[in-house]
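Visitor: Mind docking these for me? Both chains are given alone in their own frames, and the hints should help you get the complex.
What follows is the residue order along each chain.
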Amino acid sequence: MRASVLWNLFCAEGAHVNLMKQHTIVALMQDQPGALNRAVSLFRRRGYNIASLAVGHTETPGISRMTLVVESDDVEQVVKQLYRLIDVVKVSDVTDDPTVDREMALTKVHTTSATRAEIATLVEIFDAKVVDVSPNTMIIEMTGTPAKVENFVEVIRPFGIKEMMRTGRIAMMRGTHTHRGTEYVEGNGHMTTGTVLN
Amino acid sequence: MSEEKTGAQIMCEALIREGVEVMFGIPGGAIMPFYFAMWEYRDQLRHVLCRHEQGAGHAAEGYARSTGKVGVCIGTSGPGATNLVTPIADAMMDSTPLVAITGQVSSAVLGKDAFQETDITGITMPITKHNYLVKRIEDLPLVFKEAFHIASTGRPGPVLIDITKDTQQARMVPNWDVKLNLPGYKPNYQGNRKQIREAIRLLMTARKPLLMVGNGVILSGATEELRALAERTGIPVITTLHGIGAFPEDHPLSIGMPGMHGWVHVNRAIQECDVLLNIGGRFDDRVTGKASTFAPKAKVIHVDIDPSEIGKNVKVTVPIVGDARMVISALLAEMPDRSELAALHGNASDWMEHIREMQAQHQHKQQYIARPDVPMHLPPHDVYAALTRIVNQRGNYRIVTDVGQHQMWAAQLIDWHRPRTHITSGGAGTMGFAVPAAMGVAIAHPDETIWAICGDGGFQMTNQELATIVQEGIKNVKVAIINNGYLGMVRQWQELFENKRYSGTPLSGPDFARLAEAYGLRGITVEHTDEVEAAINAAYEYDGSVVIDFRVEREVNVFPMVPQGKSIGDMITESPVV
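Going down the list, the protein sequences come from chains P and E. Everything in the first sequence is counted per my numbering, starting at 114 for the first residue and increasing by one. Everything in the second sequence is counted per my numbering, starting at 1285 for the first residue and increasing by one.
So that you can see chain E by itself, here it is in the shape it has in the complex (with noise of 0.2 Å):
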């Protein structure tokens, strides 16, 4: 080992140290070297050539987001590093371990507005866990080592490490045993114990206690624990957007989604449960709506690994600062016998039974009310009713979301059962995720099928992924774009709230199924309900990636829905007859 290697030679070794197996990047200038030092260890690093660094970026999230590992991203400098600026940013809201390189032009001329410089730290210092700017050779091995281990530990989050053109050119004797450094980044996994009975005392004297698990239930691969805890308690089970998954829907406990879009009977029964432990989960405005008046009788016990989470949105009476799952493990173990949960059992069944009342009131879940006045050729949750029943029925899938309504759809009408299925941008809500990253799902699961369902509009941000899916032999991406010619979810907020002025927000496109045949996929043309079933089989059927253009009815709302700083008890679940 004690061979001199170049800067880029070293590059490489790192990632291969790292456990990496897959990156997705496009090269330029900068970066160069790097791309040079690859070429002799592509038996070991693969890398998926894409046509955005945006797609790079999403693609990595995707890996990353179905197997917890982490993803990387390549990107030369200036534009080919902004461009991965909204993937980023994107891991940065969703809590994604990601490592972005990124090529920088060589230290002689750094901050001289050298060709395709671009002060991409000063950019992503916002965005980013961390980030380093790497001048000397000698610092990358223990750069890299740090940067996995901020990404993947803890909260996890993007970096990036941007290495000047002359660094990946240097040549030295790698020294391989470099020891972490970080007096300042000691993640607490273990909650207080001293807060945790706490927690167990208030429950234990719930009336009308809730569990509401997000994001960070899945990340720490907590979800049996969550289930034994639930059961345990009988508590009823409540998963945010990015929780979905972390419980199974069709348990007795499930009740749903909450928030803007969430049920009604989620969003009642938050207003008035007496206790709310909310485990993983920010409390994002788009779960609580008016923040003052989300769960205003309960004592909220709040879980969550970042201390700056808690008490930032809502008032908490029980901070408990941890991994999700070493917080339920010991929630678990101080909890008292069986004799002394039967009280809680007890006041958690009655409950339940008055949230499944509150339930049957409002619209069933996979029920769409039309109104016999409309005739519907294709309403969307046709769709959604057919593909949830054929992806259940045939298992091994996972699906990648967009953003928008047919998101929306998507958390409401498919049935979760595991967690790392349901693969979206929340926090960030970035339009064009979905192609990418299901490219990046398919790539980490190739025996699954990989559903990227997106509106036409954000199929539309990064379509030109399509061209890598083709490039790479990826068969298992299937693409079901929910078409209705709209920026759909701006167009209803404009319907509700603007008066149906449609600013913006009509929008045309090619024939999908053309552009896709063009790219060298399955193209599938879909008008009426009574075609959507055999669409979906004959994507399953066909030995390649396929897209789906499912032209739905164009002005159709997302119900029940929050109207933006309501109260979550306030929700509307149909439009206003005009």
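Just chain P, same shape as in the assembly (with noise of 0.2 Å):
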């Protein structure tokens, strides 16, 4: 969203904004008190700001998954640093690989009589869905991409956004390449890639 800002500022002004990179980090941790702070604290650290953050379950009892957007253009260090955690199996820069990447919004938006059925194909348009609806408010779940949620959110927003949350991305490698915790967990003696840096 920041960067949304940035770029309309940069077109509006036509001044000379220097945006930066945004960087998608995969990172699977032991899902332990404290261990998503110590991760979170090494951006922190540097004054890099989080502009997304997702953790969750993975297909690994006693794993969890941290998706994280950093506005930066170095973060090849942070990634090496968040190595040094004791809790942090696997840590993956995804940023120029071919990812599904898939966010979330919840937008309570006002309705009337005249604009409801508007709305609605908007909402088939963007292959969202209608969760909850009352006389006057309507709550709509849109899951895509981070742009097509960003999308949907400018083409509704006309009719007045009352309430609105998002979730932070989370992101996965297409194809055969995974980021599994339980190789880690099953200690077959795995290295972690920073053991060879070329």
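FYI, nobody ran anything at the bench for these hints, they're computed from the structure. Backbone N, C-alpha and C fix where the C-beta goes; we use that ideal spot for every residue, glycine too. Be aware that a few hints might be false.
Below, in silico cross-link-like pairs of lysine-lysine (BS3-like), each with a Cα-Cα straight-line distance of 25 Å or less [claimed, not checked]:
| hint | chain 1 | residue 1 | chain 2 | residue 2 |
| --- | --- | --- | --- | --- |
| 1 | P | K134 | E | K1463 |
| 2 | P | K134 | E | K1289 |
| 3 | E | K1353 | E | K1581 |
| 4 | E | K1478 | E | K1353 |
| 5 | E | K1463 | E | K1289 |
| 6 | P | K261 | P | K242 |
Now the in silico label distances, taken between C-beta atoms and shown as ranges [what the hints assert, rightly or not]:
| hint | chain 1 | residue 1 | chain 2 | residue 2 | range |
| --- | --- | --- | --- | --- | --- |
| 7 | E | G1352 | P | D206 | 30 to 40 Å |
| 8 | E | R1785 | P | R158 | 31 to 41 Å |
| 9 | E | R1785 | P | I274 | 34 to 44 Å |
| 10 | P | E189 | E | P1410 | 42 to 52 Å |
| 11 | E | D1327 | P | E172 | 50 to 60 Å |
| 12 | E | Q1400 | P | N264 | 49 to 59 Å |
| 13 | P | E172 | E | E1618 | 53 to 63 Å |
| 14 | P | E189 | E | F1399 | 43 to 53 Å |
| 15 | P | R293 | E | E1508 | 38 to 48 Å |
| 16 | P | D206 | E | G1849 | 54 to 64 Å |
Where chain E lies over chain P, by a calculated footprint (3+ residues, C-beta under 8 Å) [said to hold, decoys possible]:
| hint | region |
| --- | --- |
| 17 | 177-185 |
| 18 | 209-215 |
Guide: Printed below as a string of structure tokens:
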């Protein structure tokens, strides 16, 4: 969202705005109190703003997965430092990899009998879902790529957004490549990628 | 072993299982159950009651750095824990194995601003290698096992264990049959073979190679291997501040210390070298100066056990993640035979000759170039000249330094030969380190003489530990205060770069000799060069710990020097004459 605000500023004023690259980092870590705090702290230490963060369980019990979007031109060092954390088992910067990226937004939009049908059409076009209806509001669930969610929000905004909540981005590599927790937990001597640097 | 124990008893037994012999700490409300239990284990676990938790932490660091074992310090919750923050940060910066144990308020009131409650795991998160908040007695055996494992393996560092009071008081039959479960922690000791071969290939074609060694060589116990590598290849050896002692300075291949207060010939050699092999050093900014101008002609081979250090400050051509000792051994094993090494040797010896010529052009190590127009009663350099002569005659010593001018003089002017004999606060630069750390070293090495060299500023930050030294009957700490009545290093910067605006640096103090006597130590005051030797000998002959107050010339600077932010090629070697 911040990036788009910056972008609008850039267009409106024609000023030169140095847009920092957004990096998407995926980390697997042990499901322990403090693990998330430690990981996020490394970004805070450098003054990097975290644009989006999503954490949740994985296919492996005891391992949680974090997808973090950070605005910075240089994340290589932080990615290496993430490996220093005892709780962190695997980190990847997937920014330039082919991934499926998803975000979700819940939007409570103002409706009248006049606008309800038009909103419903937009919901259909964007493949979103109406999950709650009241006489003058509607909650819309929208899932998609960050850009698609962004577009949908902009389209729906003129009707009057009363409340909105967006999740952090989650990302998964396309194809057979996996980030699984099991290989680490079973302790088959797998070494982190940090050990061979080329 | 199926007897029921309290959490506190389990803590004591866990420490004994980890081979802990001595702990430094101060009790308080939230850690009282642990102290209650400690009493029955006192024959196996020695507790040293310090006067401030910072002293306890530094003492544990001194113990750890001089032995290679894990140091243990203890504090209660709240202020006890926060007082440990500085030594924990110091241990983090200098890769010191340390376990800090803190009491925490009972889990029932945790997070409710209870008396002496502080979120110490939150506070120490960025300055520990790992930390734990223990709320269940059944977790204690595994947490202690993990903590000591993490502190002492890979790149060593501090681990904090915060234990709620009710956990210490709870009872259960301990289960010691616990297995480490650290899927995210697998330090790589063996260097990558392909990279090792690439390193050798680079070294073999080098005309001006240099070996730079840091703390990693000492931590991994690689001094023998390092010597073999240097001698087989004939490559000149640089020792960083924390690499001091990894390679004997009287060895013909030793050229000295690099960096901000390193030697001119060493820094120039770095700027000229074509291959720089750094083993176990992290290219700190005090070593590199302006990093973008550091070793501009060199291909850098960097050996470090911590992958996040490689490529952090300096561009690296050949990265090798591994333990210094294992990587050096692998380098030696893969090294070609003598005939092929002859070419490298030839190059290295011409190169060494060049470095020695540069060295000869600049002031000799022991020589202090006094300005004849400024008469001096006691230049600090005279203290170091006498000290290095006497300690090396008498042998069996270790030297702990604090932070500031005296620290740099010690690094420059004392002849260092053995690992773990030079102990200092490097990365964190913690004033107040020396006295308590020397106490920890003295406890670990009761048969050696432990010198603590400090400035009058640093000494006054932790001199309360003199009381601990006396209470514990420690007789082998000899404190040398290089007393110039200033926070000298800051004053030097003010003189050189801020037009002598001595803002906040002139410093008074008590009569340190009388202060020492008041604590029950012997105190000696020295004001002239011709008293120095007698005072040092008197300190040796006195059967107890001693403080010598060397009242040195007030405004002497540490040279050579690289001004901050400048290239290490731009050293200044004397004050601009005003």
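Visitor: All hints are to be evaluated individually against the structure, with a verdict given for each.
Guide: Structure-based check of all given hints:
no., hint, verdict
1, P:K134 - E:K1463, "violated (43 Å)"
2, P:K134 - E:K1289, "violated (56 Å)"
3, E:K1353 - E:K1581, "violated (40 Å)"
4, E:K1478 - E:K1353, "violated (33 Å)"
5, E:K1463 - E:K1289, "holds (20 Å)"
6, P:K261 - P:K242, "holds (14 Å)"
7, E:G1352 - P:D206: 30 to 40 Å, "holds (36 Å)"
8, E:R1785 - P:R158: 31 to 41 Å, "holds (33 Å)"
9, E:R1785 - P:I274: 34 to 44 Å, "violated (58 Å)"
10, P:E189 - E:P1410: 42 to 52 Å, "violated (19 Å)"
11, E:D1327 - P:E172: 50 to 60 Å, "holds (51 Å)"
12, E:Q1400 - P:N264: 49 to 59 Å, "holds (54 Å)"
13, P:E172 - E:E1618: 53 to 63 Å, "violated (41 Å)"
14, P:E189 - E:F1399: 43 to 53 Å, "holds (45 Å)"
15, P:R293 - E:E1508: 38 to 48 Å, "holds (43 Å)"
16, P:D206 - E:G1849: 54 to 64 Å, "violated (31 Å)"
17, 177-185, "violated (count 0)"
18, 209-215, "violated (count 0)"
In this structure, the earlier hints numbered 1, 2, 3, 4, 9, 10, 13, 16, 17, 18 are contradicted, and the remaining ones agree with it.
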